[in-house]
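This is what each chain is made of:
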Amino acid sequence: MAGAAALPCLAYAGGPEACRPPLDVARGDSTMSITPEDVLKIAELARLYFEEEEIEAFASQFQRILDYVEQLKQVDVRNVEPTSHVSLTADYEKTIFREDEVRPSLTVEESLANAPDPGSGHFRVPKVL
Amino acid sequence: MNIKDAFGIQAAVNAGEISAREVAEIALKRIEAVDGRLGAFLTVEPETVKARADEIDRIVKERKLPLAGVPVAIKDNICVRAMRTTCGSRILDNYISPYSATAIDRLERAGAVIIGKTNCDEFGMGSSTENSAFKVTRNPYDLERVSGGSSGGSAVAVAASMAGLSLGSDTGGSVRQPASFCNVFGLKPTYGRISRYGLVAFASSLDCIAPIANNPRDMALVLGLISGRDEQDSTSAPVPVPDYLSALNHAVRGLRLGIPREFFGEGIDAEPLLKPEFAMLVRWVAN
Numbered sequence: 001m002a003g004a005a006a007l008p009c010l011a012y013a014g015g016p017e018a019c020r021p022p023l024d025v026a027r028g029d030s031t032m033s034i035t036p037e038d039v040l041k042i043a044e045l046a047r048l049y050f051e052e053e054e055i056e057a058f059a060s061q062f063q064r065i066l067d068y069v070e071q072l073k074q075v076d077v078r079n080v081e082p083t084s085h086v087s088l089t090a091d092y093e094k095t096i097f098r099e100d101e102v103r104p105s106l107t108v109e110e111s112l113a114n115a116p117d118p119g120s121g122h123f124r125v126p127k128v129l
Numbered sequence: 130m131n132i133k134d135a136f137g138i139q140a141a142v143n144a145g146e147i148s149a150r151e152v153a154e155i156a157l158k159r160i161e162a163v164d165g166r167l168g169a170f171l172t173v174e175p176e177t178v179k180a181r182a183d184e185i186d187r188i189v190k191e192r193k194l195p196l197a198g199v200p201v202a203i204k205d206n207i208c209v210r211a212m213r214t215t216c217g218s219r220i221l222d223n224y225i226s227p228y229s230a231t232a233i234d235r236l237e238r239a240g241a242v243i244i245g246k247t248n249c250d251e252f253g254m255g256s257s258t259e260n261s262a263f264k265v266t267r268n269p270y271d272l273e274r275v276s277g278g279s280s281g282g283s284a285v286a287v288a289a290s291m292a293g294l295s296l297g298s299d300t301g302g303s304v305r306q307p308a309s310f311c312n313v314f315g316l317k318p319t320y321g322r323i324s325r326y327g328l329v330a331f332a333s334s335l336d337c338i339a340p341i342a343n344n345p346r347d348m349a350l351v352l353g354l355i356s357g358r359d360e361q362d363s364t365s366a367p368v369p370v371p372d373y374l375s376a377l378n379h380a381v382r383g384l385r386l387g388i389p390r391e392f393f394g395e396g397i398d399a400e401p402l403l404k405p406e407f408a409m410l411v412r413w414v415a416n
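Sequences listed follow chains A and H, in order. The first sequence lines up with residues 1 to 129 when you count with the working numbering. The second sequence lines up with residues 130 to 416 when you count with the working numbering.
Watch out, some of these pointers could steer you wrong.
Claimed, not checked - Distance ranges between label pairs, derived from CB positions:
#, chain 1, residue 1, chain 2, residue 2, range
1, A, Thr107, H, Glu174, 20 to 26 Å
2, A, Ser33, H, Glu395, 44 to 50 Å
3, H, Pro389, A, Arg78, 27 to 33 Å
4, A, Asp117, H, Arg166, 36 to 42 Å
5, A, Tyr68, H, Met409, 29 to 35 Å
What the hints assert, rightly or not - So, partial list: chain A residues that the calculated Cβ filter (under 8 Å) puts toward chain H:
#, residue
6, Arg98
7, Val108
8, Glu110
9, Ala113
10, Asn114
Stated by the list, open to error - From chain A, some residues computed to sit far from chain H (all C-beta separations above 10 Å):
#, residue
11, Glu51
12, Glu54
13, Glu70
14, Asn79
15, Glu81
16, Val102
17, Leu106
These aren't lab readings, by the way, just hints derived from the structure by calculation. Small disclaimer: the values here were computed from a predicted structure and weren't measured. Quick reminder that beta carbons are idealized off the backbone N, C-alpha and C, glycines included.
Make a model of the complete structure from these sequences and hints.
What follows is the structure in structure tokens.
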């Protein structure tokens, strides 16, 4: 029964609780184990609602994904230089930076052409504060 | 004039045997005749196309262009200046791109005529081109079947002779799979081979602009023209572009064929790959 009261997203109130990571990543366990509470927490953050039996299923699926990623720990990377991107080469710095010079770019009119409500050279948006 | 032969089209236009304008009109007529049933295109602007073809006809009187007059269809997540770029989404229904992707600039410099923008799963997120906010793109071989996706419109445009070449984008199979479904050639290049500047991002570290063609020669032709380092995309590879067309003359003997072990991994339904037909195909290619 998908009663409204059972909807985690409707019960959601925000606050400091919302800032906490969904899983306690600082827990430090070598293998994390996913509990139904973890699934509920993630569902709440994603504004999703699941039936009771789905939560159990998702918990075990999450667990399988984490176990799969755990395998990476078996790789010995002590002598491997850290790499942040596949396309970085030895002369990376030479290729990704250019002189800081003024170049032709979009005009103000072109930049604003798609704006639903442009005004005096600006994007006008609804007041939010 | 065979629209399924981009190499032949440019040769004929450069030689003055046919005008770019005539080629463009053949493609436009074809779109008019069949695309109502196929749904490959989201935007086609016949007057813009004809004006552009006339411009090519003026230029080829002076010098040859490697893609002279070739009609090229572009997936609607790649920006073409002054045209709509919807990504198959209502969110961008009225978005007019103020600039062109680097791949588009390079195509146009080579003499290509952008014939129109093609349908795709919304923002590239799908594998059947049924998940566009605008319409479903159907397989030209059987209208009851899907075209594949997310670059279904680009695959169908080439398969159904509405364009000589097309560009799609491939993040996790979005060109290889619809090209396969529609019996055309789709190539996912190495990441960084083609600049992503002007491609609407799905997953930036995986996205690739990827061409679709009717034969390997056309593929080699277009790949050589749009590849290479671009200052506008810092992840584009600073690696020289080989002459793909001359590589076509090399023998196939000695090349290695890879079958990813992961095709047979845990959690994958490998049953279709274990059929005798697949083993036969592998043996056939190997011989």
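Results for each hint:
1. A:Thr107 <-> H:Glu174: 20 to 26 Å: holds (23 Å)
2. A:Ser33 <-> H:Glu395: 44 to 50 Å: violated (20 Å)
3. H:Pro389 <-> A:Arg78: 27 to 33 Å: Given about 28 Å between the Cβ atoms, the range holds.
4. A:Asp117 <-> H:Arg166: 36 to 42 Å: Since the Cβ atoms of Asp117 (chain A) and Arg166 (chain H) sit about 40 Å apart, the hinted range of 36 to 42 Å holds.
5. A:Tyr68 <-> H:Met409: 29 to 35 Å: holds (33 Å)
6. Arg98: Check passed: Cβ of Arg98 (chain A) comes within 6 Å of chain H, closer than 8 Å.
7. Val108: Result: violated, 11 Å to nearest chain H Cβ.
8. Glu110: Cβ of Glu110 (chain A) sits 5 Å from chain H, so the hint holds.
9. Ala113: holds (6 Å)
10. Asn114: holds (6 Å)
11. Glu51: Holds, because the least Cβ-Cβ distance between Glu51 (chain A) and chain H comes to about 24 Å, which exceeds 10 Å.
12. Glu54: holds (19 Å)
13. Glu70: holds (14 Å)
14. Asn79: Check passes; 25 Å lies beyond 10 Å.
15. Glu81: holds (19 Å)
16. Val102: Consistent with the label, Val102 (chain A) stays out of reach of chain H, its closest Cβ about 15 Å off (over 10 Å).
17. Leu106: violated (6 Å)
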